[in-house]
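What follows is each chain in one-letter form.
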Amino acid sequence: MSPAITLSALNKSFGSKRAVIDLDLQVPRGALYGIIGPNGAGKSTSLRMILSILFPDSGRIGVLGEDSALKAKDRIGYLPEERGVYRKMRIADFLLHMAVLKSVPRATARARVREWLERVGLPEVANKRAEELSKGMQQKIQFIAAVIHQPELLILDEPFSGLDPVNMRLLRDLIVAEHQRGTTILFSTHVMQQAEQLCQHIVMIHDGRKVLDDTLATIQSRHAPRSLRFLPLDPQADVAAALQPLPGITNISQVDGNWQIGLDPAANPAALVQSVAAALAPARLELLRPNLEDIFIGIVHGSHSAAEQTAA
Amino acid sequence: MNKIVQIAQREFLATVLTKGFLIGILAVPVLTFAMILILPLLINQKTPKISGEIAILDRSGVLFERVAPQLTADAFAQRRRASEERLHAIMPAAVRELAQSPAAESAVQQGLQQALGEAPELQLVLIDTAADIEAEKRALLDGPRLVLVVVHANAVQQDPALPASAELGSYDLFVRAKLDDRLLDQLRDALKLALVDARLAARQIDAAQIRSLTRTPFVAPLVIDADGERRSNEAFNRVLPILFMALILATVMTAGQQLMTSTIEEKSSRVVEVLLAAVSPTELMAGKILGQLGVASLLIGLYGGLGLLALISFSLVGLVDPWMLLYLPIFFLIAFVVLASLMAAIGAAVNELREAQALLTPVILVVTLPMMLWLPISRDPNSMLATVLSLTPPVNPFVMILRLSSNTPPPLWQVWLSIAIGIGSMFAAIWFAGKVFRIGLLMHGKPPNLMTLARWVRQA
Numbered sequence: 183m184s185p186a187i188t189l190s191a192l193n194k195s196f197g198s199k200r201a202v203i204d205l206d207l208q209v210p211r212g213a214l215y216g217i218i219g220p221n222g223a224g225k226s227t228s229l230r231m232i233l234s235i236l237f238p239d240s241g242r243i244g245v246l247g248e249d250s251a252l253k254a255k256d257r258i259g260y261l262p263e264e265r266g267v268y269r270k271m272r273i274a275d276f277l278l279h280m281a282v283l284k285s286v287p288r289a290t291a292r293a294r295v296r297e298w299l300e301r302v303g304l305p306e307v308a309n310k311r312a313e314e315l316s317k318g319m320q321q322k323i324q325f326i327a328a329v330i331h332q333p334e335l336l337i338l339d340e341p342f343s344g345l346d347p348v349n350m351r352l353l354r355d356l357i358v359a360e361h362q363r364g365t366t367i368l369f370s371t372h373v374m375q376q377a378e379q380l381c382q383h384i385v386m387i388h389d390g391r392k393v394l395d396d397t398l399a400t401i402q403s404r405h406a407p408r409s410l411r412f413l414p415l416d417p418q419a420d421v422a423a424a425l426q427p428l429p430g431i432t433n434i435s436q437v438d439g440n441w442q443i444g445l446d447p448a449a450n451p452a453a454l455v456q457s458v459a460a461a462l463a464p465a466r467l468e469l470l471r472p473n474l475e476d477i478f479i480g481i482v483h484g485s486h487s488a489a490e491q492t493a494a
Numbered sequence: 080m081n082k083i084v085q086i087a088q089r090e091f092l093a094t095v096l097t098k099g100f101l102i103g104i105l106a107v108p109v110l111t112f113a114m115i116l117i118l119p120l121l122i123n124q125k126t127p128k129i130s131g132e133i134a135i136l137d138r139s140g141v142l143f144e145r146v147a148p149q150l151t152a153d154a155f156a157q158r159r160r161a162s163e164e165r166l167h168a169i170m171p172a173a174v175r176e177l178a179q180s181p182a183a184e185s186a187v188q189q190g191l192q193q194a195l196g197e198a199p200e201l202q203l204v205l206i207d208t209a210a211d212i213e214a215e216k217r218a219l220l221d222g223p224r225l226v227l228v229v230v231h232a233n234a235v236q237q238d239p240a241l242p243a244s245a246e247l248g249s250y251d252l253f254v255r256a257k258l259d260d261r262l263l264d265q266l267r268d269a270l271k272l273a274l275v276d277a278r279l280a281a282r283q284i285d286a287a288q289i290r291s292l293t294r295t296p297f298v299a300p301l302v303i304d305a306d307g308e309r310r311s312n313e314a315f316n317r318v319l320p321i322l323f324m325a326l327i328l329a330t331v332m333t334a335g336q337q338l339m340t341s342t343i344e345e346k347s348s349r350v351v352e353v354l355l356a357a358v359s360p361t362e363l364m365a366g367k368i369l370g371q372l373g374v375a376s377l378l379i380g381l382y383g384g385l386g387l388l389a390l391i392s393f394s395l396v397g398l399v400d401p402w403m404l405l406y407l408p409i410f411f412l413i414a415f416v417v418l419a420s421l422m423a424a425i426g427a428a429v430n431e432l433r434e435a436q437a438l439l440t441p442v443i444l445v446v447t448l449p450m451m452l453w454l455p456i457s458r459d460p461n462s463m464l465a466t467v468l469s470l471t472p473p474v475n476p477f478v479m480i481l482r483l484s485s486n487t488p489p490p491l492w493q494v495w496l497s498i499a500i501g502i503g504s505m506f507a508a509i510w511f512a513g514k515v516f517r518i519g520l521l522m523h524g525k526p527p528n529l530m531t532l533a534r535w536v537r538q539a
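So the protein lines, in turn, are chains V and X.
Oh and the first sequence: position 26 is 208 in our numbering, straight run, nothing missing.
Oh and the second sequence: position 85 is 164 in our numbering, straight run, nothing missing.
Please keep in mind that the hints were generated in silico from the structure rather than gathered at the bench.
Among the hints, erroneous ones may be present.
[Unchecked claim] Partial pick of chain X residues on the chain V-facing surface, computed with a CB cut under 8 Å: (1) Met-80; (2) Lys-82; (3) Gln-85; (4) Ala-87; (5) Ser-348; (6) Arg-349; (7) Val-351; (8) Glu-352; (9) Val-353; (10) Ala-357; (11) Val-358; (12) Leu-521.
[To be verified] To give an idea of the interface, some chain V residues facing chain X are shown, with a C-beta separation under 8 Å as derived from the structure: (13) Ile-235; (14) Lys-255; (15) Ile-258; (16) Tyr-260; (17) Pro-262; (18) Arg-265; (19) Val-267; (20) Tyr-268; (21) Arg-269; (22) Val-282; (23) Lys-284; (24) Ala-327; (25) Ser-435.
We treat Cβ as the ideally placed atom computed from N, Cα and C, and that holds for glycine.
My request is simple: use the sequences and hints to build the entire structure.
Here you go:
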């Protein structure tokens with residue numbers, strides 16, 4: 183079976199600004215992919231090109247076995263970053279309108295509107311106008327509009343922005359449920375924890391270019407641990423004096439009651455764990471792997487440093 | 080296609096099922112009827128009675144006795160009745176019949192009564208010819224004096240010192256600062272009549288006989304056509320073209336503005352991105368134009384139907400060329416599609432209604448051009464100006480409707496050429512709007528000018 187999404191050498195510019203540069207991407211069917219990157223990196227532009235809302239200057243797009251999303255619109259669900267509803271339209275009418283536009287038969291669409299409103303705990307809003315709803319409620323309605331036609335591919339652009347923790351958890355559960363139904367999900371976010379919690383696979387875009395494309399586990403294993411978290415068995419022990427002289431340790435600082443020990447990138451983490459434990463008996467000794475945010479910041483800073491060096 | 084119909088249906092219902100639209104749609108006929116009912120009442124309201132003194136210094140010595148009978152209340156009423164008869168003669172036959180119904184006749188009587196009641200109460204004062212004229216003029220500044228008439232000595236008979244061919248004198252009028260214009264008109268009429276009578280009498284000519292010999296009624300022409308002969312309705316013929324054009328212009332502009340507003344709303348509320356994930360920009364635009372075409376058709380059906388009913392009830396329907404029933408929908412469709420496409424493009428290009436003004440002004444100016452040129456076009460419907468404009472988009476549907484409903488319709492080839500040009504302009508407008516629509520819908524920030532729109536068209 184063909185991948186859900188295939189992008190080859192995709193480019194898009196707005197005037198002199200190059201928004202997306204030579205983007206290659208393949209998203210297999212049934213996968214849950216996260217596109218991460220800072221604001222203005224080119225995430226939304228890439229998603230809009232996948233959806234054929236914008237058209238690339240060059241490159242090829244394949245979506246659900248078609249050469250354009252225009253031919254597969256009814257099998258794709260989309261939740262844009264900027265939420266929009268018809269303010270004066272009744273909620274049930276709006277959802278019915280969106281379902282019919284996705285080629286769902288009217289009778290089926292009516293039944294699905296009822297089911298979904300009950301599922302998100304909003305059965306009473308069916309006859310209310312969108313302007314009468316809170317922002318959180320409107321976002322739930324938007325999500326229903328994106329999935330009411332049971333899409334094979336669901337594209338979510340910053341789905342959690344502006345949600346409170348309760349609604350964030352509800353939306354996360356709904357996304358997981360759609361994924362379990364077999365839907366391929368591609369979502370963008372600039373909040374790294376959300377990507378870490380949800381995604382199997384991460385794509386990072388920075389300044390219009392793809393800088394990372396791998397499974398979360400591979401990314402984390404590829405980035406060597408940079409620090410140890412240490413708590414001595416003897417609370418009175420002078421940790422800094424005991425550990426600072428050890429080779430391969432760059433710095434020692436206290437963070438939230440624990441000691442954080444920085445490791446030399448050239449040092450062997452396994453050997454250092456042993457020598458730390460031998461130098462001072464630990465109550466807790468943990469090798470800290472970098473989280474996505476650290477990796478992300480490392481990449482962004484790395485590219486900035488490289489750019490500065492090139493400029494110099 | 081189902082998606083286009085779905086968008087059209089939403090667009091139509093979202094426009095029509097609003098309080099504002101329903102009030103607006105009823106407001107036009109209600110206001111029209113209200114004007115018909117209330118205006119005559121307002122016009123018939125008694126104006127403040129004019130009373131005062133008219134001083135006449137009669138150097139001819141014969142005019143005063145002839146002017147006095149012309150300025151009585153009866154004489155005023157008689158002159159007004161004569162004016163009404165002239166008006167009556169140029170009325171369309173059906174309206175005349177209506178005016179002769181018992182109810183209307185009593186209203187006419189009432190009007191006359193009011194006219195009699197309104198007649199000014201004037202005291203005529205003859206001033207001695209030796210009086211100080213400057214002192215008499217000063218009397219206009221204060222007191223009851225309204226007018227001072229100084230009749231020249233040679234107003235009736237020529238001065239023997241002058242040659243017989245020299246022009247006769249007349250009179251000078253001095254009036255107070257604030258004087259009702261109608262009194263001045265009446266006074267001039269009365270003085271003219273008196274002067275002419277006096278001159279005729281001085282030459283032993285019977286004034287009554289001359290008047291009777293020179294009086295001719297207003298003759299309304301009878302039109303001879305294949306169906307026989309019928310009375311011509313000149314007044315109606317004059318307003319029919321503008322009515323047809325106004326019908327198209329009003330309905331097309333109403334629906335066009337609704338289309339622009341709804342596009343701006345979809346763009347500013349960001350709902351457009353959700354829609355574009357479900358349909359292509361072309362489908363979205365087509366659906367919206369189709370929906371508003373429904374709105375415009377509803378309006379033209381409603382107002383056109385009301386107009387037709389009025390024509391039937393006044394037995395004037397025969398004056399409308401049956402071909403108009405074919406041409407009207409064709410030119411309406413051309414005008415609507417061209418204007419609606421431009422409105423959709425403007426709606427897609429801007430972020431809010433306020434920003435649309437700059438792009439909307441040239442469109443409004445161009446479209447209202449036929450309205451401004453109505454008089455020269457309808458006076459000479461086959462002039463160079465009318466012919467060129469009726470073949471120039473986007474005003475050609477409006478001007479051609481003006482020409483078609485005139486007394487001298489254009490040759491058939493011009494009508495069909497205008498239709499062909501109109502169809503071409505429809506496609507051009509859709510092509511242009513489609514390009515702007517595709518780029519503009521997702522553009523936010525600084526509103527574009529005409530140059531930016533041209534760049535978008537090249538980019539898309």
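Hints, one by one, checked against the model:
1. Met-80: 11 Å, violated
2. Lys-82: Holds, because the Cβ-Cβ distance from Lys-82 of chain X to chain V comes to roughly 5 Å (cut-off 8 Å).
3. Gln-85: 5 Å, holds
4. Ala-87: It is violated, given that the least Cβ distance between Ala-87 of chain X and chain V is near 12 Å, above 8 Å.
5. Ser-348: 5 Å, holds
6. Arg-349: 3 Å, holds
7. Val-351: 7 Å, holds
8. Glu-352: Holds: closest Cβ of chain V sits about 4 Å from Glu-352 of chain X, inside 8 Å.
9. Val-353: Hint holds; Val-353 of chain X Cβ to chain V Cβ min 6 Å, cut 8 Å.
10. Ala-357: 4 Å, holds
11. Val-358: Nearest chain V Cβ about 6 Å off; hint holds.
12. Leu-521: Hint holds; Leu-521 of chain X Cβ to chain V Cβ min 7 Å, cut 8 Å.
13. Ile-235: Since chain X brings a Cβ to about 5 Å from Ile-235 of chain V, closer than 8 Å, the hint holds.
14. Lys-255: Check passed: Cβ of Lys-255 of chain V comes within 6 Å of chain X, closer than 8 Å.
15. Ile-258: Ile-258 of chain V check passes; min Cβ-Cβ to chain X is 7 Å, inside 8 Å.
16. Tyr-260: 4 Å, holds
17. Pro-262: 4 Å, holds
18. Arg-265: Holds: closest Cβ of chain X sits about 7 Å from Arg-265 of chain V, inside 8 Å.
19. Val-267: At about 6 Å, which falls below the 8 Å cut-off, the nearest Cβ of chain X leaves the hint on Val-267 of chain V intact, so it holds.
20. Tyr-268: This hint holds: Tyr-268 of chain V lies near chain X, its Cβ roughly 6 Å from the closest one there, short of 8 Å.
21. Arg-269: 6 Å, holds
22. Val-282: 5 Å, holds
23. Lys-284: Interface hint status for Lys-284 of chain V: holds (6 Å vs cutoff 8 Å).
24. Ala-327: 6 Å, holds
25. Ser-435: 45 Å, violated
The structure does not agree with the numbered hints 1, 4, 25 stated previously, though it agrees with the rest.
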